[in-house]
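There are 2 protein chains.
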Amino acid sequence: MKIVVIGSGTAGSNFALFARKLDRKAEIIVIGKEKTMQYSPCALPFVLSGKIPKLEDIVVFPNEFYEKQKIQMMLETEAKTIDRKRKVIITDKDEVPYDKLVLATGSKAFVPPIKGVEKRGVFTLKEMRDVREIQEYIKERKPKKAVVIGAGLIGLEGAVAFRELGMEVLVVELLEHLLPTMLDKDIASIVQSHLEERGIQFRFGVGVSEIIGDPVTAVKIGEEKIESDIVLVATGVRANVDLAREAGLEIKRGIVVDEYLRTSDPDIYAIGDCAEVYDAVTGERILSQLGTTAVRMAKVAAENVFNKNVKFKPVFNTAITELFDLEIGTFGITQERARKEGIEVVVGKFKGSTKPEYYPGGKPITVKLIFRKDNKKLIGAQIVGGERVWGRIMALSFAAQKEATVEDIAYGETAYAPPISPTIDPITVAAEMALRRFK
Amino acid sequence: MKIVVIGSGTAGSNFALFARKLDRKAEIIVIGKEKTMQYSPCALPFVLSGKIPKLEDIVVFPNEFYEKQKIQMMLETEAKTIDRKRKVIITDKDEVPYDKLVLATGSKAFVPPIKGVEKRGVFTLKEMRDVREIQEYIKERKPKKAVVIGAGLIGLEGAVAFRELGMEVLVVELLEHLLPTMLDKDIASIVQSHLEERGIQFRFGVGVSEIIGDPVTAVKIGEEKIESDIVLVATGVRANVDLAREAGLEIKRGIVVDEYLRTSDPDIYAIGDCAEVYDAVTGERILSQLGTTAVRMAKVAAENVFNKNVKFKPVFNTAITELFDLEIGTFGITQERARKEGIEVVVGKFKGSTKPEYYPGGKPITVKLIFRKDNKKLIGAQIVGGERVWGRIMALSFAAQKEATVEDIAYGETAYAPPISPTIDPITVAAEMALRRFK
Chain A
1 MKIVVIGSGT AGSNFALFAR KLDRKAEIIV IGKEKTMQYS PCALPFVLSG KIPKLEDIVV
61 FPNEFYEKQK IQMMLETEAK TIDRKRKVII TDKDEVPYDK LVLATGSKAF VPPIKGVEKR
121 GVFTLKEMRD VREIQEYIKE RKPKKAVVIG AGLIGLEGAV AFRELGMEVL VVELLEHLLP
181 TMLDKDIASI VQSHLEERGI QFRFGVGVSE IIGDPVTAVK IGEEKIESDI VLVATGVRAN
241 VDLAREAGLE IKRGIVVDEY LRTSDPDIYA IGDCAEVYDA VTGERILSQL GTTAVRMAKV
301 AAENVFNKNV KFKPVFNTAI TELFDLEIGT FGITQERARK EGIEVVVGKF KGSTKPEYYP
361 GGKPITVKLI FRKDNKKLIG AQIVGGERVW GRIMALSFAA QKEATVEDIA YGETAYAPPI
421 SPTIDPITVA AEMALRRFK
Chain B
1 MKIVVIGSGT AGSNFALFAR KLDRKAEIIV IGKEKTMQYS PCALPFVLSG KIPKLEDIVV
61 FPNEFYEKQK IQMMLETEAK TIDRKRKVII TDKDEVPYDK LVLATGSKAF VPPIKGVEKR
121 GVFTLKEMRD VREIQEYIKE RKPKKAVVIG AGLIGLEGAV AFRELGMEVL VVELLEHLLP
181 TMLDKDIASI VQSHLEERGI QFRFGVGVSE IIGDPVTAVK IGEEKIESDI VLVATGVRAN
241 VDLAREAGLE IKRGIVVDEY LRTSDPDIYA IGDCAEVYDA VTGERILSQL GTTAVRMAKV
301 AAENVFNKNV KFKPVFNTAI TELFDLEIGT FGITQERARK EGIEVVVGKF KGSTKPEYYP
361 GGKPITVKLI FRKDNKKLIG AQIVGGERVW GRIMALSFAA QKEATVEDIA YGETAYAPPI
421 SPTIDPITVA AEMALRRFK
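Residue numbers (the UniProt record's numbering), protein chains in the order written: chain A, 1 to 439; chain B, 1 to 439.
Mixed in with the good hints there might be a few duds.
If several chains are the same, the list does not tell them apart, and a pair holds so long as it fits within one copy or across any two.
Unchecked claim - Below, computed lysine-lysine pairings styled on DSSO-like, alpha-carbon distance capped at 30 angstroms:
#1 LYS25 - LYS349
#2 LYS402 - LYS355
#3 LYS376 - LYS311
#4 LYS185 - LYS54
#5 LYS144 - LYS376
#6 LYS349 - LYS108
#7 LYS54 - LYS351
#8 LYS363 - LYS51
#9 LYS93 - LYS142
#10 LYS355 - LYS313
#11 LYS402 - LYS376
#12 LYS439 - LYS144
#13 LYS377 - LYS402
#14 LYS145 - LYS108
Keep in mind the hints are simulated off the structure, nothing from the lab.
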């Protein structure tokens, strides 16, 4: 069997590795535009800030690693057309026949049509070359004032990186608060204060209308002109679906796949940022576009290419980040989004400490849990705190994945030791708060 | 209604607080031997090491806090007899009538009948006065060589405290490896190496037969005499059941309760270290004797005293500790114990890193997962690593509490960010290892 993967990113590379684990003989070919196989796009802000010393380090494995596993790589190669009748991919160099095709074409940074957005000094932060270009620009021009457009994860991580490099930073967000798809306003405001205390400023509910100077010297927000000598555009990503669309596959916001990750053509799968998945809470098709989702889709698609019939479960989009010394973890639906979707929820919220009161070094932590009113199931969580947010979001996410109810959390077993956590964990208390509201 | 609680420790104090939340008017009386209400016994080793500066700090709330909640305290008072016919408790001072009685009599350190165990310089580490006595002894005699009898949690935490105070430390354990009820030998040996590198020595499969000198100057192991000027006996605890037994309640290793935490007398409940619970894996009655279990039993018993009919679920004994800079987390059954119980299991084990390879500061972590062969359910986990063990054991424990299978973990969603965790988490890989063995 000849399996061809288009895309050498996280989804494509992991697919190839999983597929090889499942079958020693199958021909596995990866077509990719870059010089290397997968690297970690989530790591780019940390290369920018200098926390990861070398850009090349974020390439997960050297090409030889894939060669040893007999994964054929056609790198620096662009797939131009899929001829589904002949089962052939036409690249800029060659024709590649396939038995099974896996689309892992990823996503690209979305750049809104702001006047002047093409000017020097305006960047996105999605690919390795973005970091190279930003680093060269910083070296050459030593910018002092940065504007970041968009207060999503990449925007905030980029803002922190700029701040850590010594710049004044202003984040401009069209919506009402930061991390608008991941957090509610009450929780976002905790993050905002934390970032403001560390010198990052915010403007919400407004957009940048123009970028002035070339290289950039300022941006315009309404009639106001704000000095800026570097601009990061972080307004989300869009699925790369052109190839799939031209091949006549079903597309909505991303490539449409069934629960086995097959597209409308049963010999073609789609995985990673380019493909839609099901939202575990709303049941709607969404673009998850998380690295973990890409890896998990790669695993399931590899199994299904070999006829294992594994279903890819709906996703909760469990996510974590660290901004300065604050951890932020989330999954599922926000209270704001639930309102829009008409889902009635019961919320429990608690601010506590990460350690028992008597143990030195505890840090504030706020836990917000969102339960469905009709069946009491945990459908969302937002946690912000100085440490051990990750563990709590992991625990709650695994509980939600197993359809835990408010009682399961309120009466659940936690792990306690004085240097690590309180006897009665903040997640337990938040669930108790919600439980009382159910009565 | 007049509710009387015997025992002012974690279980008793929390019961009183939960009961007050549920009913503003009920008369709630706590009879306790100490001067204060609950303190955290788990914190004692950390007071000893100096990490918690003041012993008094580990008292969770001052007595005024309970007074404000109209919880009547009869402290420095010993309950002598329960007259179930008259529904009266006879104390060393008074008679106290009750409508509902809650036994929270706790546990005491078990001291094996070693020759000389009563001598000066031999201590347990179970109560506040133990720490006071050890600290006075250390101040007065400046011991240089410590022997710890027992390599359970308290033994190891005590050994670390002694080591941090500058002593040479030898731990003597009758069984084959450290933390014998929580870990298998393969995982225990990682912990052992870590402690040995930091100057703690071990002897396994042997016991101390005699304590020499008064104050102690040495211990005997077989015919061998080992110098020692302080000895900690940490050979477990025993449930305090005398009062319940004399009252004619059903007793096995602890006070027997049903799933509503009622004893064989429907007006008497038992909670915390003195009461038996059901083991979530074996279904057997066990003594859990964890602080978290005590609190959780207190909550359920409080609800049931007010006729809420809440069942106390079987326990996995989820636990965590930190020894120097190593975190150790466990729950459920070990592979060794499963063998003894005749439970067939499939194991997945993986050694990885706590962060992606490209991110500086990742630490080794070993994950061992134990699944039932017949139904694939997760029934045990052991994790040892330099950081973020707690989050992983919390996530896995919540998953197990919701009856997660090997697939649920292998395909589960985790939260990933470069500074925090790898894209493919070690728990996922360990589950994949096990999954392959099922096939």
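Hints versus structure:
no.: 1; hint: LYS25 - LYS349; verdict: between (53 angstroms within a copy, 27 angstroms between copies)
no.: 2; hint: LYS402 - LYS355; verdict: both (27 angstroms within a copy, 26 angstroms between copies)
no.: 3; hint: LYS376 - LYS311; verdict: both (25 angstroms within a copy, 18 angstroms between copies)
no.: 4; hint: LYS185 - LYS54; verdict: neither (36 angstroms within a copy, 40 angstroms between copies)
no.: 5; hint: LYS144 - LYS376; verdict: neither (50 angstroms within a copy, 57 angstroms between copies)
no.: 6; hint: LYS349 - LYS108; verdict: neither (36 angstroms within a copy, 37 angstroms between copies)
no.: 7; hint: LYS54 - LYS351; verdict: between (38 angstroms within a copy, 25 angstroms between copies)
no.: 8; hint: LYS363 - LYS51; verdict: both (23 angstroms within a copy, 16 angstroms between copies)
no.: 9; hint: LYS93 - LYS142; verdict: neither (41 angstroms within a copy, 79 angstroms between copies)
no.: 10; hint: LYS355 - LYS313; verdict: between (35 angstroms within a copy, 26 angstroms between copies)
no.: 11; hint: LYS402 - LYS376; verdict: both (13 angstroms within a copy, 15 angstroms between copies)
no.: 12; hint: LYS439 - LYS144; verdict: neither (55 angstroms within a copy, 59 angstroms between copies)
no.: 13; hint: LYS377 - LYS402; verdict: both (10 angstroms within a copy, 13 angstroms between copies)
no.: 14; hint: LYS145 - LYS108; verdict: within (26 angstroms within a copy, 64 angstroms between copies)
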